[in-house]
Amino acid sequence: MSLWAIAIKSVRQRALASALTSLSVALGVMLMIVVLVANGMVERMFVQTATGYDLIVGPKGSQLELVLTSIYRIGVAGEPLPYRFYRELTSGKNNRIAQAVPITMGDVTQQGSFPIVGTTPEYFALPYMHESDGTPRRFRIRTTSRDGQHSGEGLIRNPFDSAIGAVVARQNGWDVGTKLKLVHGGSDGHVHDEEFTVTGVLAATGTPNDRTVFVHLDGFYMISGHEKPLSEAVARELEFFGNVSEESRNALEAEQGSSGHAHGPVPEAQKEVTAILVNIKGTIGEKVLAESRLMSGLNEGVQAQAVKPIVQIDRMMQTLVGPIRSLLMGLTSLIIVVSGIGIFVSIYNSMADRKKEIAIMRALGARRQTVLSVILAESTLLCVIGGLTGFVLAHLMILALSPMIAGYGLVIDPWTFAWGELVLLPVLIALASLVGFVPGMTAYRTDVARTLSD
Amino acid sequence: MSLLLENISKNYREPDGGSLPVLKIERFELVRGEQVALVGASGGGKTTLLNVISGITTPDSGRVVIDDTVVTGMPEPIRDRFRAERIGFVYQTFNLLPAFTALENVLLGMSFSRGRVDRDRALQLLDSVGLSHRLEHRPGQLSVGEQQRVAVARALANRPSLLLADEPTANVDLSNQQTILDLIRSACTTDNVSLLLVTHSISVAEQFDRIERLDEFNTAATLMPEVMP
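Heads up: the protein sequence lines correspond to chains B and A, in order. This note's numbering puts the first sequence at residues 1 to 454. This note's numbering puts the second sequence at residues 455 to 683.
These are computed hints drawn from the structure, not numbers from a lab. Backbone N, C-alpha and C define an ideal beta-carbon position, used for all residues, glycine too. Warning: the hint list may mix true and false statements.
Taking CB as the label site, the calculated pair distances span [stated by the list, open to error]:
#	chain 1	residue 1	chain 2	residue 2	range
1	B	F437	A	R467	51 to 57 Å
2	B	S326	A	E468	56 to 62 Å
3	B	A352	A	R613	32 to 38 Å
4	B	E43	A	I532	56 to 62 Å
5	A	S586	B	A352	32 to 38 Å
6	B	Y348	A	S655	40 to 46 Å
7	B	W419	A	S586	52 to 58 Å
8	A	N646	B	Y348	41 to 47 Å
9	A	T547	B	S326	55 to 61 Å
10	B	F437	A	H654	38 to 44 Å
11	B	F437	A	S629	56 to 62 Å
Some residues of chain A that are not near chain B, with every Cβ distance over 10 Å (derived) [to be verified]:
#	residue
12	E460
13	S463
14	E480
15	D514
16	T526
17	G563
18	S565
19	R575
20	S615
The whole structure should be built from the sequences, with the hints applied where relevant.
Written out as structure tokens, the structure reads:
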């Protein structure tokens, strides 16, 4: 009869106490694995989402804020850049720019308060992120409604077309053909009269795009009150560039000669962009060089800046998310330690009842090391059984939650291991040795003659 | 020679720091296959003597020799294994492990020796004590007589050369006392095992060819005022 068989007998003899102590370990391990997986998800969401674009060009200010606003749609956009800046950036002077897509933000949907992004159809031609092996992930779009009644002619090709993210579609029950209105982003909560029609529904991407409503940039500025008053726009242009374009001058003259602005296409001078998403072409070396040139060229000025989103997000993960993750890991580790103390207390309390059994084994010829090993095997059993139970429970919990998580666009495999999980087993065995040692020593020191005569 | 005790002394330390002599035996011996009844007053050191012989308790001085091996000179781990392999022990209170079945209790007796755990022998031993129909019963599900029979089977599991029995019939009902005694004695006779059986019962002792009174060869007995383990 092996040590393990003896230990199993002992564990089964105290089935309830053993089950409860193992359960406490299981809960600790479950929490830790869920935290590990959640951490992986957060990291993936943040870091991989930042891999979609090489650079983000925006107004001067906080670099992180620019990234959070333009990619994660968190926070409020700063003073936007004139549209002319976007046009000049892409006019050929920067021949290393492969694609540059303008976005403008500010409004939200009337239902669900999802952020509105005004952009161009090219937005959907760019990869929205890259896998860790560099594989680009691109948008997939459904242009026919589920009931087959409506179909769009493509993505935001017309000013009042709209494409919606998967979460927006699910939560608002919107589909191709749905009409939607925008709420002004200011504090007044004004609902614009103009209606947009959903012409495409994006497949889940696991990025903030899922919670975004995209409208055509032209349509965005055709909304009453969105265009900058021409005189202000021209003054801003003068301040920004030191001159005023001919088109702006013409527009100003035309406005002065008319009674007011009729709704229709808005002159370029009155349009602005919150940010420009830029991809650089060339080999890795050429890209690095071109990025560096563009960044230093823009960053030397006082009006605009170019930032690498991945750098900003890495920095944020390290400075903000990193400590939170460490705190969570620390707390769950503490739970496991407390569970370990539970095992210690359980085994230690049982020692008084088991002294006789240990003395009998010793009288039968069991060595001191043998009875110590039996106790250690027992604590190891409790820890490992608890650990495995926790592992299964954690993944079952993730399995149960995965449809909900998928609703947020993040597809996760419930049986994917986090690397940290591999560390858990040796940690649990070490913990078992630790908590089993003191009661094991009680067994080791048992006075056989005295115990048997009591 | 199966068992030889020479100049054994054992004292217990009293709470006041004093020393209480329990054993002082100049010489005691048992030849191979011999069966001896050991009688003596309560607290006379009988159990301590069995513990000293089995190596559970170490004497303050003297030698315990079993099968020409000096047990008292062995390091504890070697002594433990020697006890597992050469000495069988039957207790008054059976000392079976409550979580283990009858069969497992016998197998447990084999687990601490170097020999393999021989399930067939365990089954045969339980059969020989009339418990082949109680193999999977735990001690709590057995009568006291049956429990002691399991203990006898366990004591014989490793084919010991010496069987120590500490009042094995004292806790057994009258109808089972003789059965237990006969089982122990016949098993020892069959396997040529030496038997040292401690008893209070005159009727039990009288069945042995050799009866030893502990107070006759343990000179410490006269000095012991109180009961000691």
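Comparing the hints with the structure gives:
no.: 1; hint: B:F437 x A:R467: 51 to 57 Å; verdict: violated, 29 Å
no.: 2; hint: B:S326 x A:E468: 56 to 62 Å; verdict: holds, 59 Å
no.: 3; hint: B:A352 x A:R613: 32 to 38 Å; verdict: holds, 35 Å
no.: 4; hint: B:E43 x A:I532: 56 to 62 Å; verdict: holds, 58 Å
no.: 5; hint: A:S586 x B:A352: 32 to 38 Å; verdict: holds, 36 Å
no.: 6; hint: B:Y348 x A:S655: 40 to 46 Å; verdict: holds, 41 Å
no.: 7; hint: B:W419 x A:S586: 52 to 58 Å; verdict: holds, 55 Å
no.: 8; hint: A:N646 x B:Y348: 41 to 47 Å; verdict: holds, 46 Å
no.: 9; hint: A:T547 x B:S326: 55 to 61 Å; verdict: holds, 56 Å
no.: 10; hint: B:F437 x A:H654: 38 to 44 Å; verdict: holds, 43 Å
no.: 11; hint: B:F437 x A:S629: 56 to 62 Å; verdict: violated, 48 Å
no.: 12; hint: E460; verdict: holds, 21 Å
no.: 13; hint: S463; verdict: holds, 16 Å
no.: 14; hint: E480; verdict: holds, 23 Å
no.: 15; hint: D514; verdict: holds, 14 Å
no.: 16; hint: T526; verdict: holds, 15 Å
no.: 17; hint: G563; verdict: violated, 5 Å
no.: 18; hint: S565; verdict: violated, 4 Å
no.: 19; hint: R575; verdict: holds, 14 Å
no.: 20; hint: S615; verdict: holds, 14 Å
In this structure, the hints that do not hold are numbers 1, 11, 17, 18, in rising order.
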